[in-house]
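*Asks:* So that you can map any letter, position 529 of the sequence shown is 529 in the working numbering, and since no number is skipped, the others follow by simple counting.
Any given hint could turn out to be false.
Below, a list of computed lysine-lysine pairs in the DSSO-like style, where the Cα atoms sit at most 30 Å apart [claimed, not checked]:
no., residue 1, residue 2
1, 94, 330
2, 5, 93
3, 520, 5
4, 362, 444
5, 94, 520
6, 93, 444
7, 94, 320
8, 320, 444
9, 411, 330
10, 320, 411
11, 93, 330
12, 320, 450
13, 411, 520
14, 362, 411
15, 362, 330
16, 411, 450
17, 362, 94
18, 291, 330
19, 444, 330
20, 93, 411
21, 320, 330
22, 330, 520
Estimated spans, in silico, between C-beta atoms of each pair [said to hold, decoys possible]:
no., residue 1, residue 2, range
23, 190, 606, 38 to 44 Å
24, 79, 263, 50 to 56 Å
25, 632, 14, 22 to 28 Å
26, 265, 654, 41 to 47 Å
27, 66, 321, 39 to 45 Å
Everything labelled a hint here was simulated from the structure, so no lab data went into it.
Just so we're clear, the structure is a prediction, and the values are computed from it rather than from any experiment.
Glycine included, every Cβ here is placed at the ideal spot set by N, Cα and C.
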Amino acid sequence: TALRKDPNVVGRQVRVDSFDARTATVIGVLEPSLPYPTNTEIIANVVMSAHHLDATMVTGRVHRMTELFGRLAPGATLERARAEVQSVYATMKKDHHEAYPTNADFQVDARLFRDQVTSGARPILLVLLGASALVFIIACSNAANLILARTVRREGELTIRAALGAGSGALRRTLLAESLVLCVAGATLGVMIARPLLEILSSYASRFSVRALNLTVDSSVLWVGAGLAIIAAVLLAYVPRLPSASVSQSPGLATGSVRITGSTNRRLRAFAVVQIAASFLLLAGASMLLKTLIAMQTAQTGMDTRHVLAINVPVMQYQKTPQQVVDFYKETIRRVDALPGVTRTAYGMSTPWRDGRLADPKLQFSGDGHVSSIENDPRAHFRVISPGYFAALGVAILAGRDFNDLDTQSKEPITVVSESLANQMFPGQDAIGRHVYWTDPVFKFLPGFKSEQLRIIGVTADIDEEHVVPQPTLTIYSTFNHGPMFGGRLFIHSSVNPYSLVTPATQIIRGMSAEQPVEKAATLEDIRAEVLTPDRLNTVVFGIFAAVALTIALVGVAGVLAFSVSARTREFGIRLALGSPPQRLLAGVIAEGAVMATFGLVAGSVGGFWLARIAARYIPDLSMPSALPVVGSALVLLAAAVTASAMPATRAARVDVMQALRND
């Protein structure tokens, strides 16, 4: 977009301000790729950065913010590569122990690039795959019940075929053919539905990776679907018990009525229990995701996210001194502050939730009276901000004061620290007036930065820029009046619609510098909502799975009971004729549904615990669900099962006595 789709872009020269405003020649254009480690627009050679070619970078061993990429040799394994890397690292630590202190606990590891890229999506994809498997099991169990019921009604037909010489193989082939028709029809319908649903999914997922637009229902998906359909058809063909060829041993042929044997009844109820158990797992999982999503959405961030507009105004150093850069941002604040509806304007180093992970190195520091050790090696976030930053974000100053324009380089270096840092470094004491200082070697490489003692002038509430549910955060803030400017994130607190300020703020900045990028304007509320979008989608998808599974299971329970009532019509007629009240028959059938649901819940609980232990091997952060979603899901499922039993139970209570006794 910046180069306006120039077909002759290769060979053009562009200025890259992030690398000391150097000029670079475009030598290639990459195809759209996955955003790793973030949405990357320019990939520069290391020679572009004087910092990375500095002697301390080339020969020193204390700069550790570099990733290495390598290709495995033919026949090599990841385990072997990891062992070699760790062996080399062990030798380095032994030979250069001064660069690798024991209290730093530095570690190295080797991972496949594919696993690194997919690590964020892998857990939820495995969960959704498991949910799909459960829905498949539920559907097969429901189809098995249908086939069982149909086979019972066809027992006379199958007995006649057996009596006329049809062997068990021929009867099984007949059942297999019927099952294949059912399963292939279902698979075909599934593929037809999958295509439009995939378009919706890919359009959503494309915001995370452009390769999502290439998702298609390809031959591999079709083969998997065909394979599952065939497997299901074969299993379903062997579910029914084949009738005996002897008329005397076939009550269905002898009486002409429907008779359910004990083994058939047990299988019908067992499949219904399986459906309830699988539905319980899905419903509990969906409830847990929903509870988590609600907790994340309602979590208090400590910021006024609705009224704060964040705009990226990256630092442009071309032909500017560090002081000129700071003066540019100061003038920006002054002019934007004058806009109607603006209550406060400030600059920060990173936008919460959008680039908190990128600006998130936790660096070593110390403070008055603190002795570092392996067990106590504090690390904090480093942030450079303008005066008024906390007021612009709506964050409270708990003690002391904020930075102001009088805090210049000519005065004592000062800092504002987060509440968690103050409590950890100075427990039970007043942090105001105490000192902290950076000890991390990385500060040796920051141009224009002096590692010196910083006097604490204020304590602010924690600002967690990474997690949507805030966690205790150790942060040390410096004013851009005392050091170099980083990041360039403009925050505008407004009393009007924040988006109405995008155009006038952009015009002000562009009026000051026509080449200054102004991008990614959004409220903190919308940025946070965007971060929650994957969790929201996962909850919706899992909830749909659970709803489909619950519906199928309830239909299965109702079907089993309805078939049982149909087969026991004569029995119910006799009971009513002997004076049994209809309410007792109603309660008995409903109780049968409740018993099946209870067995399903027990089986689902045991199965869920077993599956969770297995899944924990592949999903490190997996934890057992809390009691609320589990108990709530169990009550919902039990109530739904009882409700589904009401219709066949009502039918049993309304049996016509004369008609029932006349049937046989």
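*Asks:* The structure should be examined with respect to each hint, and the outcome stated for every one.
*Replies:* Hints versus structure:
1. Only pairs whose Cα atoms come within 30 Å are accepted, and residue 94 paired with residue 330 is rejected, the gap being roughly 49 Å.
2. For the suggested pair residue 5 and residue 93, the alpha carbons sit about 49 Å apart, so the restraint of at most 30 Å is broken.
3. Taken as a hint, the residue 520 and residue 5 pair is honoured in the structure, with Cα atoms around 20 Å apart against an allowance of 30 Å.
4. Restraint check for residue 362 and residue 444: the C-alpha separation of about 15 Å stays at or below 30 Å, so the hint holds.
5. Distance check on the hinted pair: residue 94 and residue 520 sit about 47 Å apart at the alpha-carbon level, beyond 30 Å; violated.
6. Between residue 93 and residue 444 the alpha-carbon distance is near 21 Å, which keeps this suggested pair within the 30 Å criterion.
7. A hinted pair counts as satisfied when its Cα atoms are at most 30 Å apart, and residue 94 with residue 320 does not qualify at roughly 44 Å.
8. Distance hint between residue 320 and residue 444 is fulfilled; the C-alpha atoms sit about 22 Å from each other, no more than 30 Å.
9. For the hint linking residue 411 to residue 330, the alpha-carbon distance of about 19 Å falls within 30 Å, and the restraint holds.
10. Using a Cα cut-off of 30 Å, the hinted pair residue 320 and residue 411 holds, with the two alpha carbons roughly 24 Å apart.
11. A distance of roughly 46 Å separates the Cα atoms of residue 93 and residue 330; the hinted pair therefore is violated under the 30 Å criterion.
12. As the CA atoms of residue 320 and residue 450 are separated by approximately 20 Å, the hinted pair is consistent with the 30 Å bound.
13. A distance of roughly 36 Å separates the Cα atoms of residue 411 and residue 520; the hinted pair therefore is violated under the 30 Å criterion.
14. This hinted pair checks out: residue 362 and residue 411 have alpha carbons roughly 27 Å apart, not beyond 30 Å.
15. For the hint pairing residue 362 with residue 330, the CA-to-CA distance comes to about 28 Å; that is within 30 Å, so the pair holds.
16. A threshold of 30 Å between alpha carbons decides the hint, and for residue 411 with residue 450 the separation of about 14 Å falls inside it, so the pair holds.
17. Between residue 362 and residue 94 the alpha-carbon distance is near 25 Å, which keeps this suggested pair within the 30 Å criterion.
18. For the hint pairing residue 291 with residue 330, the CA-to-CA distance comes to about 44 Å; that exceeds 30 Å, so the pair is violated.
19. A distance of roughly 27 Å separates the Cα atoms of residue 444 and residue 330; the hinted pair therefore holds under the 30 Å criterion.
20. Restraint check for residue 93 and residue 411: the C-alpha separation of about 41 Å exceeds 30 Å, so the hint is violated.
21. Distance check on the hinted pair: residue 320 and residue 330 sit about 15 Å apart at the alpha-carbon level, within 30 Å; holds.
22. At roughly 21 Å between alpha-carbon atoms, residue 330 and residue 520 fall within 30 Å of each other, so this suggested pair holds.
23. As the Cβ distance of residue 190 to residue 606 is approximately 30 Å, the hint placing it in 38 to 44 Å is violated.
24. Judged by the Cβ atoms, the range 50 to 56 Å given for residue 79 and residue 263 holds: they are separated by roughly 51 Å.
25. Evaluation of the 22 to 28 Å hint for residue 632 and residue 14 yields a failure: the beta carbon distance comes to about 57 Å.
26. In this structure the supplied range 41 to 47 Å is violated for residue 265 paired with residue 654, their Cβ-Cβ distance being about 23 Å.
27. Take residue 66 and residue 321: their Cβ atoms lie about 29 Å apart, and the range 39 to 45 Å is violated.
In summary, the structure is inconsistent with hints 1, 2, 5, 7, 11, 13, 18, 20, 23, 25, 26 and 27 from the numbered list given earlier, while agreeing with the others.
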